[in-house]
Amino acid sequence: MAELQEYWRWTEYSWHHPEMDWRQGKRIAAGIDVGSVSSQALVLVDGEIFAFSNLRTGSNSPDSANNAIKAALKDTGMEIKDLQYTVGTGYGRVNVPFANRAITEIACHARGANFMAGPKVRTVLDMGGQDCKAIHCDERGKVTNFLMNDKCAAGTGRGMEVMADLLSIPIKDIGDLSFQVDKEPQPVSSTCVVFAKSEALGLMRSGWSKNMVLAAYCSAMAHRVSLLLGRIGVEDQFFITGGIAKNPGIVKRLEKELGIQAVQSKYDSQIAGALGAALFGDTLLQKGA
Amino acid sequence: MIKAGIDVGAKTIKVVLMEDRKIRGKGKVLSGFNQEESAKEALEQALKEAGLSREAIGSIVTTGNGRKAISYASGDVTEPRAAALGAVFLYPSARTVIDVGAEEARAIKCDPSGKVLDFAVNEKCAAGSGAFTEAMARALEVPLEELGPLSLRSTQTIPMNAQCTVFAESEVVSLIHSKTQKADIARAVHDGLCSRVVAMVRRVGLDPELVLIGGVAHNPGFVESFKRTVGIDDVRTAEEPEFVSAIGAALAVGK
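In order, the protein sequences belong to chains Z and L.
Using the working numbering, the letters of the first sequence map in sequence onto residues 1 to 289.
Using the working numbering, the letters of the second sequence map in sequence onto residues 1001 to 1255.
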């Protein structure tokens, strides 16, 4: 039997510092971001990133949190009991069994972005699996204002997964393929992902290539997100977190539409929430929590 | 003279032939790839039912989202106008017409002659149209026509948090996994759709003299939920709700 390929499926992974000896560390803080689509766990040792993981969220938040931290701690010798302070965040933040407290993902993303891209960042766009947030923050990563869309799949990772499935294209390839067109097409006119699906099929029937459809869809999504950002305003510097930050098809089109470049960071864009949560934990440990 | 009305909808094309304000024949065909061809097919169905030939037709007026795609039409009218004309023809006392179709929904306020006074429309979001029930029926793995009857067997009200069709699909799957009764999920689906339709209706004002038209009015679960949501027991549903706008289009000639 032929294996059913699930094109929307992105790869899960974990990483840990190859040299750091965590046993020498004074403070061990963890952040667990249980999102609606993906979950991340991140461990800070004395304020430095020691390990992290990125997994798909299952149907059960406590299990997802456990799996994420186990994946992050794999082969490190560290165990859950070694974590001195754990902060849960994300949509399943109250369901992290080993967490000491829960902090909203808005606060954590801003704090994480501040660490990842520096104190000059004033606008953070978090493009997640089932929602999209535009956040303003100060030089310490403290939230000053935010707006979010969590009602509609248009402009979220889930919307992108739907398109990957429809066109049978692995989700990680979408961004690059969307630039392999002779001419940038008009964006798809439907806002709704369900209608965009029918529109995409119609375009293919009328002779459009898959790459053309991807380009039209990516630019529609970039436009959708730019409207959210437009409502709150984009202040320099601008930084993007979340899974969709890895899709150049959206990021480049969004940058063009906004007329501003997003700050580059050496860190994985999906860890921002868990990193922010762990940073809050680390601060609490320094204060003697 | 025979007047033809063609409603070129997102999912199906409906044709009605009228003579002296009486319905002579009807036809219905899936829109498919080529709306013009499908419309021709639906027209032939209607002619056959009426026992007439193509030459008998004096006028062809189109409506619906593909109303400009039919080259052999003699004219076209907007969807709210066709819906109001058709509804008032069938139910002269109707003052609010609620049209829920496959991909759009509309609330129309009209006067006794079927003139449109005001209207609101949702064409942006699948969650407020028939597409929502279709997607949910797929997620529940029940045929679409059984979704309504299934919801009537519900014994308890459960909340559905997701608005978006895409998110609601995942929510339905988790509800099934957590062993929630399918009937209760089906009821929640209709309640969700109705809350969005009613919010739209309230934008034009809710007149108790209302009539439900459009294909979704066939769904008894939707109608029940609609009654609950607006708090009116006596909600009129057109007998063949999907043909009302085609009737209106046929009647639009000479108006």
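Among the hints, a few may not be true.
[Said to hold, decoys possible] Label-pair restraints from in silico Cβ distances:
1. R1203/L with G233/Z: 26 to 32 Å
2. K70/Z with K1068/L: 55 to 61 Å
3. T1237/L with Y267/Z: 33 to 39 Å
4. R1153/L with K120/Z: 55 to 61 Å
5. G1051/L with G230/Z: 56 to 62 Å
6. T1157/L with M20/Z: 24 to 30 Å
7. D138/Z with T1237/L: 55 to 61 Å
8. S1071/L with L227/Z: 33 to 39 Å
9. P97/Z with T1157/L: 28 to 34 Å
10. R1021/L with L227/Z: 57 to 63 Å
11. M1001/L with D173/Z: 28 to 34 Å
12. S1195/L with D138/Z: 28 to 34 Å
Treat the hints as calculated values from the structure; they're not laboratory data.
Computed from a predicted model, the values in this text were never measured in an experiment.
Built from N, CA and C at the ideal position, the CB exists for glycine as well.
Quick rundown of the hints versus the structure:
no., hint, in the structure
1, R1203/L with G233/Z: 26 to 32 Å, "holds, 29 Å"
2, K70/Z with K1068/L: 55 to 61 Å, "holds, 59 Å"
3, T1237/L with Y267/Z: 33 to 39 Å, "violated, 58 Å"
4, R1153/L with K120/Z: 55 to 61 Å, "holds, 60 Å"
5, G1051/L with G230/Z: 56 to 62 Å, "holds, 60 Å"
6, T1157/L with M20/Z: 24 to 30 Å, "violated, 53 Å"
7, D138/Z with T1237/L: 55 to 61 Å, "holds, 57 Å"
8, S1071/L with L227/Z: 33 to 39 Å, "holds, 37 Å"
9, P97/Z with T1157/L: 28 to 34 Å, "holds, 31 Å"
10, R1021/L with L227/Z: 57 to 63 Å, "violated, 48 Å"
11, M1001/L with D173/Z: 28 to 34 Å, "violated, 59 Å"
12, S1195/L with D138/Z: 28 to 34 Å, "violated, 39 Å"
Hint check: violations occur at hints 3, 6, 10, 11 and 12; the rest are consistent with the structure.
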